[in-house]
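Sequences listed follow chains S and V, in order. Residues 7 to 275 in the working numbering are what the first sequence spells out, letter by letter. Residues 2 to 417 in the working numbering are what the second sequence spells out, letter by letter.
If you're looking for bench data, these hints aren't it; they were derived computationally from the structure. Be aware that one or more of the hints could be misleading.
Quick list of in silico lysine-lysine cross-link-like pairs, DSS-like style, CA-CA up to 25 Å [unchecked claim]:
#1 91(V) - 131(V)
#2 151(V) - 130(V)
#3 125(V) - 210(V)
#4 151(V) - 131(V)
#5 187(S) - 125(V)
#6 210(V) - 158(V)
#7 91(V) - 187(S)
#8 151(V) - 187(S)
#9 151(V) - 91(V)
Chain S regions said to be covered by chain V (calculated; three or more residues, Cβ under 8 Å) [claimed, not checked]:
#10 168-176
#11 179-186
#12 193-205
Bear in mind the structure is a predicted one, so any value in this text is a computation, not a measurement. All C-beta atoms, glycine included, are put in the ideal place defined by N, C-alpha and C.
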Amino acid sequence: MSTTAVQEQEGGPAPVDPQSAKPARAGRRSLASYLAMPVVLAIVLLLVWWAVSRRELDSAEQERLSFSYIVGLTQDHIVLTVVSTVFVLLIAIPMGILLTRSFARPITPPAIAVFNIGQAVPTIGLLAIFAIVGTFGLGFKPTVIGLVAYTTLPVLRNTMVGLAQVDASVIESARGMGMTKFAVLTRIELPLAVPVIMAGLRTALTINVGTATLGAFIGADCLGRLIVSGFSGNRPFITTVGAILVAVLALLVDYLAGIAEDVLRPRGL
Amino acid sequence: MTDTKDAAATDSGAAPDGGTIAIRLEDLAKRFPGEKELAVKDLTMEIPQGEIVILVGPSGCGKTTTMKMINRIIEPSSGRIFLDGEDVTKVNPDQLRRRIGYVIQQIGLFPHVTIADNIATVPKMLGWKKERITERVDELLEMVGMDPGKYRDRYPKELSGGQRQRVGVARAMSADPDVMLMDEPFGAIDPITRDRLQNEFLRLQEQIKKTIVFVTHDIDEAIKMGDRIAILREQSQIAQFDTPERILVNPADDFVADFIGRGASLKRLSLSRVRDVELHQWPTADEGSSHDEVRRTLEGSDKSAVLLLDDQRRPVRWVNAEHLSRSGGGGELSGVGLPPEAMVQPNATLSDTLNEMITARYSTAIVVDSDNAYQGIVDIDTINETVRSMRRAELGRLRDADGGSGEAEDPEDEDR
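Work the whole structure out from these sequences, hints included.
Shown next as structure tokens:
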């Protein structure tokens, strides 16, 4: 809506009304579309709760499907996701910045190849190797390492693409006015790369939420526990509940990351 | 070290014609990594203060590289650069660039900050006070003809191409640098807007008197904008460095003559401005005068119409005999006649004026001052006289040159 107003002005000699030219908060969505996802997720959770409460649970199910146990696992799952994503950010963004500097041009392809390996190897395989080799023990630590290895590449790639797509003339004019290289990076390049970097981060978060489930195979506390114990104890109901909860959490995280994208996108883009 | 610097400072202190040298390039050369040929080869050049010096030449001749070595966006491989007599070849490039305005063809406004913040980039780096910056931003927006209240808080994408260009110029002038570098600043703009911006910029330059190095590949733009033009060939070798007039009249060699192209006489018209020629007068009458007065004025002249002026002497309408008789005798003249067109200001070039007049009524361009008050008219005779007197002058000069060097060719050659 407001975007069309802006586009119309592009050709014209003078934008007419400053009000109508208010910078479009890019990606602004209607309130309804903002509310739709949480409402749907809430309904799904209610249905799960209803299904669990009206079913006669045996002792194994009672233990696994108790409210406090599930909340605990959810918290663990979120911690696993957040911690691994923070590590991804700490590795991939500085790496992406370094690899896009002109002095790093010769080492860019091999560096990307290394990160490619991380993503090419299936996480489950990586986790299995960690468990067998046992270098990192079992549980939380190897799972985080596996997740980081897997999702660094998308964030790294997006950081690099985000920085590379910044208009060269914008950088040249900034340098030409006497901005230091560091100022150009922090005040021009990074802000302009934020939308693309955020998209990569959103991808990483969503992958991490889903993939963290696999941590259950090597003893990490997460919602994957429900799925695994449902299988091993031959309780498909537990598996189903676990799977639904992971899906709900993944959708919620993606939804929140989407909002963060909208909020962090610089005005004027 | 100090000695050479001092020597250089005095060396480059004064131009041959008495003016001050703002920029001096000394044996400047650039070899890009992996290239066999030099992009710029041993260029020595002096740029006088307060002038627009145009670097013009075919693509790949190294003109842009040359310009970008002045603020060391491209570091020279060898040679030295002096700014106001100071050797800046080795000074901190970021500090250096804050002293030099820089405008590029794509403008490169920062899309994520407002127009005001874009313009304030350099003042902020220089640590100006907030109030001073705000004041300066508004002043600059006014200077480039944009309402500060309206545009200050907008983002670049909300502006038209021409407006962005103006903001680009305002941004380059923000810290009031003595020197500005402009790389095809009007290159990416439609012809009509380009023409307007060029005129605006020339008007602005009359006030600000910056030293400007301006790169273009368009010889017409060079002739219009330049106080001096350096025509460059391969490796930024100067083929001719002179005033536009002298380049048009007396091209140094075939390369320059080729580059100027045909129609040098027409091009010369963009060198003369309306204020340089003697204006003719046209019968005028006050808007409030009666039919009879106007008719008498008309009959007393050899023209077929009278130009009506309002109380501030601004042209309002053309009235001819037919208008007068059709509107009946007596009474006020309001609404009678046709609106004036082809009004030009004294700083318009004759070329623009000719263009206006060709389509105008009575083949006449009305000259008005900056308050739109009537000054006189320019007609085809004026243009004709000017062209002829320019040719006479050039013939005289060529005859002198001929005696000296014997190089000059038939000056009329280029017009055939």
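For each hint, the structure was consulted:
1. With a C-alpha separation of about 32 Å, the suggested pair residue 91(V) and residue 131(V) falls outside the 25 Å cut-off, and the hint is violated.
2. A C-alpha spacing of about 23 Å is found between residue 151(V) and residue 130(V), which places the hinted pair at or below 25 Å, so the restraint holds.
3. Restraint check for residue 125(V) and residue 210(V): satisfied, since their Cα atoms lie roughly 24 Å apart, inside the 25 Å limit.
4. Annotation: proposed proximity of residue 151(V) to residue 131(V) holds, straight-line Cα distance about 20 Å (limit 25 Å).
5. Pair hint residue 187(S) plus residue 125(V) holds up; C-alpha atoms about 16 Å apart against a cutoff of 25 Å.
6. Simply put, residue 210(V) and residue 158(V) have alpha-carbon atoms about 31 Å apart, too far for the 25 Å limit, and the pair is violated.
7. For a cut-off of 25 Å, the pair hint linking residue 91(V) to residue 187(S) stands: about 18 Å separates their Cα positions.
8. About 33 Å separates the Cα atoms of residue 151(V) and residue 187(S), which puts this hinted pair outside 25 Å; it is violated.
9. For the suggested pair residue 151(V) and residue 91(V), the alpha carbons sit about 42 Å apart, so the restraint of at most 25 Å is broken.
10. Counting residues of the segment 168-176 of chain S whose C-beta sits closer than 8 Å to any C-beta of chain V gives 3, which meets the bar of three, so the coverage hint holds.
11. Coverage of a stretch by a chain is defined here by at least three residues with a beta carbon nearer than 8 Å to that chain's beta carbons; for the segment 179-186 of chain S and chain V the count is 8, and the condition holds.
12. Only when three residues or more bring their CB closer than 8 Å to a CB of chain V does the claim for the segment 193-205 of chain S stand; here the count is 3, and the claim holds.
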